[in-house]
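Chains as they are written, first to last, in the working numbering: chain A, 94 to 512; chain B, 94 to 512.
Simulated from the structure, these hints should not be mistaken for laboratory data. One should not assume that every hint holds.
Below, computed lysine-lysine pairings styled on DSS-like, alpha-carbon distance capped at 30 angstroms [unchecked claim]:
| id | chain 1 | residue 1 | chain 2 | residue 2 |
| --- | --- | --- | --- | --- |
| 1 | A | Lys170 | B | Lys170 |
| 2 | B | Lys95 | B | Lys143 |
| 3 | A | Lys143 | A | Lys180 |
| 4 | A | Lys250 | B | Lys180 |
| 5 | B | Lys282 | A | Lys250 |
| 6 | B | Lys250 | A | Lys180 |
| 7 | A | Lys95 | A | Lys143 |
| 8 | A | Lys282 | B | Lys250 |
| 9 | B | Lys180 | B | Lys226 |
| 10 | B | Lys250 | B | Lys170 |
| 11 | A | Lys95 | B | Lys250 |
| 12 | A | Lys170 | A | Lys180 |
| 13 | B | Lys95 | B | Lys170 |
| 14 | B | Lys250 | A | Lys170 |
| 15 | B | Lys143 | B | Lys180 |
| 16 | A | Lys250 | B | Lys170 |
| 17 | B | Lys250 | A | Lys250 |
| 18 | A | Lys250 | B | Lys95 |
| 19 | A | Lys481 | A | Lys282 |
| 20 | A | Lys95 | A | Lys170 |
None of these values were measured; they are calculated from a predicted model.
Protein chains: 2
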Amino acid sequence: MKEFVALTVETLPVRLGEESSLRARIGEDTGSWQVAEVGDGNLNLVFIVKGSKGAVIVKQALPYVRLVGESWPLPLKRSFFEYHALKRHSERDPGMTPEIYHFDERQAIIVMQFLTPHVILRRALIEGRQLPKIGRDLGLFIARTLFRGSDLSMVAKQRKADLALFADNAELCDITENLVFSDPYFEAKLNRHTPELDPLVAELRRDRDLKVEAQRLKHIFAANAETLCHGDLHTGSVMVTDDETRVIDPEFAFYGPIAFDVGMLIANFWMSYFSQSGHEENGGRDSMRAYLLRTATEIWDVFVEEFSHLWRTERNGMLYEASLFEAQGDALGAEQALDGLIHDIWVDMLGFAGVETHRRILGLAHNADFETIENTALRAHCEAKALKFGRHLAVNRSRIHGMAEIASLAERLQREIVQ
Amino acid sequence: MKEFVALTVETLPVRLGEESSLRARIGEDTGSWQVAEVGDGNLNLVFIVKGSKGAVIVKQALPYVRLVGESWPLPLKRSFFEYHALKRHSERDPGMTPEIYHFDERQAIIVMQFLTPHVILRRALIEGRQLPKIGRDLGLFIARTLFRGSDLSMVAKQRKADLALFADNAELCDITENLVFSDPYFEAKLNRHTPELDPLVAELRRDRDLKVEAQRLKHIFAANAETLCHGDLHTGSVMVTDDETRVIDPEFAFYGPIAFDVGMLIANFWMSYFSQSGHEENGGRDSMRAYLLRTATEIWDVFVEEFSHLWRTERNGMLYEASLFEAQGDALGAEQALDGLIHDIWVDMLGFAGVETHRRILGLAHNADFETIENTALRAHCEAKALKFGRHLAVNRSRIHGMAEIASLAERLQREIVQ
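Isolated chain A, as found in the complex (with noise of 0.2 angstroms):
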């Protein structure tokens, strides 16, 4: 079969049956295999296929966005970054991304580990779990995949002929550029929003200093090709039991900024924060909502542990060499250096976090933390808290100074002591 068709159901045994290895795992009897089409995402079909040896993912890219549909084409070559970020992140970071059984490029097929009893993070915050991992897996996450992606550790040329090849991923790229950076910031076609929000929206729209900083941070993402980034690292792509934390769906991998999937990922447990109130009865999230704002904070304190320990051990690639610090005896000199990068990145991520608050309350792809809220008075009452937080910290962000100053204005926000 050259041509691209897409699965379905019923003619996924027998395309998938073809590959020994397939059968040897999920069973050889192809026709007893079970198949259930599961994909709640935007993009992409995905199957659980199970048979009498096993179970396994089966996900396959459409030439369109599935959330709009055909009139909104989108390359088939997505599946093939995310099958190479995939293989990345598995050497960055073992034991984090699924394993992977099956690639086929021209299908737009990847199989994969189906992780059971995992459930998407974003559904267990929902729900109100406590997750006691997440914090520190999600932490090395970033800091192992972020670094090692970058000229701190790569061989200059390799990392320079990888961001050529990712520089195809143009098209999902595009969709950052245009759904989070832009669109929220004008009345976009595509934005909707909670009827609700109406004054708090046309009053961002009208926020010249919110509206350049987004600008700002778009020009940064677009143009700062400083590591391999997961892209789309919000707790949706994140699958967790209260034992394992594994991080899916890099479709959207490019080289950009290492603030970029830090910010995105930590904006997304302060989203749930403030989504909380929609989802409690009598009052019972409080500690949930202390956790939240804990593992934000301890992401981005293991992040930051981890992240000074590869640069004190693996620093090896071309930027701040040790021949210029620790080998002239001024390891502090290297210090210095970490403490600029972090800053900037702090900086940076608290802008990214900003800017993803808001696109998921008035751009196209909302969240489910917030959707869920059917009261739509009640979810806008959230909503607002979150924009004002996410306006807050986009505009500010050279000027907040840590976790705990972030974390007080949330919890003031959501006491309404400020409006």
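Model the placement of chain B on the given structure of chain A, informed by the hints.
Positioned in the frame of chain A, the structure of chain B alone reads:
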């Protein structure tokens, strides 16, 4: 002829004479072509070829660094990148590059316009010539090429494809990464400097703030793929008459920060300033010094003026979209964003200027401004001022307010009011 073979004065007419378009331009009787090898650069062969009808320049890359020898291999593909950069420069600022007549990728040969009576700008400045047009011409050139090669102007997908193309120019970037940003700051084996500078060189190599800043600039150079840079834009890459300015030799072209070309270019005027006392008799270069500071200022001012003009009239790329600003009646928002961007370019430009100054005195590739001062004590005296000047710029770049402040610093160093 498939394999690469270096041209010689003897073989050139036979080999290039096969091209009818070149015979038509130079003269049909290839036997009467006069060929002279005139390359004085660090990397390539350069011939002037004259015939009955006209003259051309033939530039051929060698598979190694000419300055060092066959022990330092360097890929021929740099000729491909030079050709493509020349094409883009000629589209983005017409008339500022030599016309290209012929390109042979396999033989790494570019045949181009013989510019006459043009001379290399660096030579003219050493001789004390005040070229009236270069400030304006070069300011326009950097504004136009750097703006029009960025996401401020290009279609994002095309820029990403071009970024991928130029990412393969890794070996030339590697030269800059090492020779500009790292080698000058420790005892690298390719370094050399005027012996009288020993104490100051030791001081600079112990200077933690300077080394950290140089590495931060290397990080920006390597990661910030903002636009197509010339990559080697010094006064040796500019040919001039009183009426005309042409920019040549973009074989180091790469996607990098706007500020890189700006800073490297202006630094070479400041170096010329400090070198003048090595070339003057009886204080005769006072007017030349004033001209050089004035021209550095003019380049920056024209750059800002033209960049701002293009921002207001050609900002059709995906960054800082008019739909968010002008289309919302908020032209002042776009001006605010422009101010921010110009500020960022200014700060980084000063840093790149600082390290360019250092590497030309401490690294491998010195420049003739200082090298032609035969009295080494006098040369070191000039170079020491330039080194201190460069250190001041690099370390204080975020706290320097404008060209007047820098001109004043240069004058105080020149008059030895500060040491």
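Cross-check of the supplied hints:
Taking the CA atoms of Lys170 of chain A and Lys170 of chain B, the gap is about 28 angstroms. The hint holds against a cut of 30 angstroms. Distance hint between Lys95 of chain B and Lys143 of chain B is fulfilled; the C-alpha atoms sit about 26 angstroms from each other, no more than 30 angstroms. Using a Cα cut-off of 30 angstroms, the hinted pair Lys143 of chain A and Lys180 of chain A holds, with the two alpha carbons roughly 24 angstroms apart. Pair hint Lys250 of chain A plus Lys180 of chain B holds up; C-alpha atoms about 25 angstroms apart against a cutoff of 30 angstroms.
Distance restraint check for Lys282 of chain B and Lys250 of chain A: the Cα-Cα separation of roughly 22 angstroms lies within the 30 angstroms cut-off, and the hinted pair is therefore satisfied. As the CA atoms of Lys250 of chain B and Lys180 of chain A are separated by approximately 25 angstroms, the hinted pair is consistent with the 30 angstroms bound. With a CA separation close to 26 angstroms, the supplied pair Lys95 of chain A and Lys143 of chain A stays within the 30 angstroms bound. Between Lys282 of chain A and Lys250 of chain B the CA atoms are separated by roughly 22 angstroms; this keeps the pair inside 30 angstroms, and the hint holds.
A hinted pair counts as satisfied when its Cα atoms are at most 30 angstroms apart, and Lys180 of chain B with Lys226 of chain B qualifies at roughly 23 angstroms. Simply put, Lys250 of chain B and Lys170 of chain B have alpha-carbon atoms about 24 angstroms apart, close enough for the 30 angstroms limit, and the pair holds. Between the alpha carbons of Lys95 of chain A and Lys250 of chain B the distance comes to roughly 27 angstroms, so the proposed pair stays at or under 30 angstroms and holds. Between the alpha carbons of Lys170 of chain A and Lys180 of chain A the distance comes to roughly 16 angstroms, so the proposed pair stays at or under 30 angstroms and holds.
For a cut-off of 30 angstroms, the pair hint linking Lys95 of chain B to Lys170 of chain B stands: about 15 angstroms separates their Cα positions. Of the supplied pair hints, the one linking Lys250 of chain B and Lys170 of chain A holds, its CA atoms being roughly 15 angstroms apart against a limit of 30 angstroms. Between the alpha carbons of Lys143 of chain B and Lys180 of chain B the distance comes to roughly 24 angstroms, so the proposed pair stays at or under 30 angstroms and holds. The straight-line distance between the Cα atoms of Lys250 of chain A and Lys170 of chain B is roughly 15 angstroms, inside the 30 angstroms bound, and the hint therefore holds.
Proximity of Lys250 of chain B to Lys250 of chain A is assessed by CA-CA distance (about 23 angstroms); at most 30 angstroms being required, the pair is judged to hold. Taken as a hint, the Lys250 of chain A and Lys95 of chain B pair is honoured in the structure, with Cα atoms around 27 angstroms apart against an allowance of 30 angstroms. Between Lys481 of chain A and Lys282 of chain A the CA atoms are separated by roughly 23 angstroms; this keeps the pair inside 30 angstroms, and the hint holds. Annotation: proposed proximity of Lys95 of chain A to Lys170 of chain A holds, straight-line Cα distance about 15 angstroms (limit 30 angstroms).
Of the hints listed earlier, there is not a single one the structure fails to meet.
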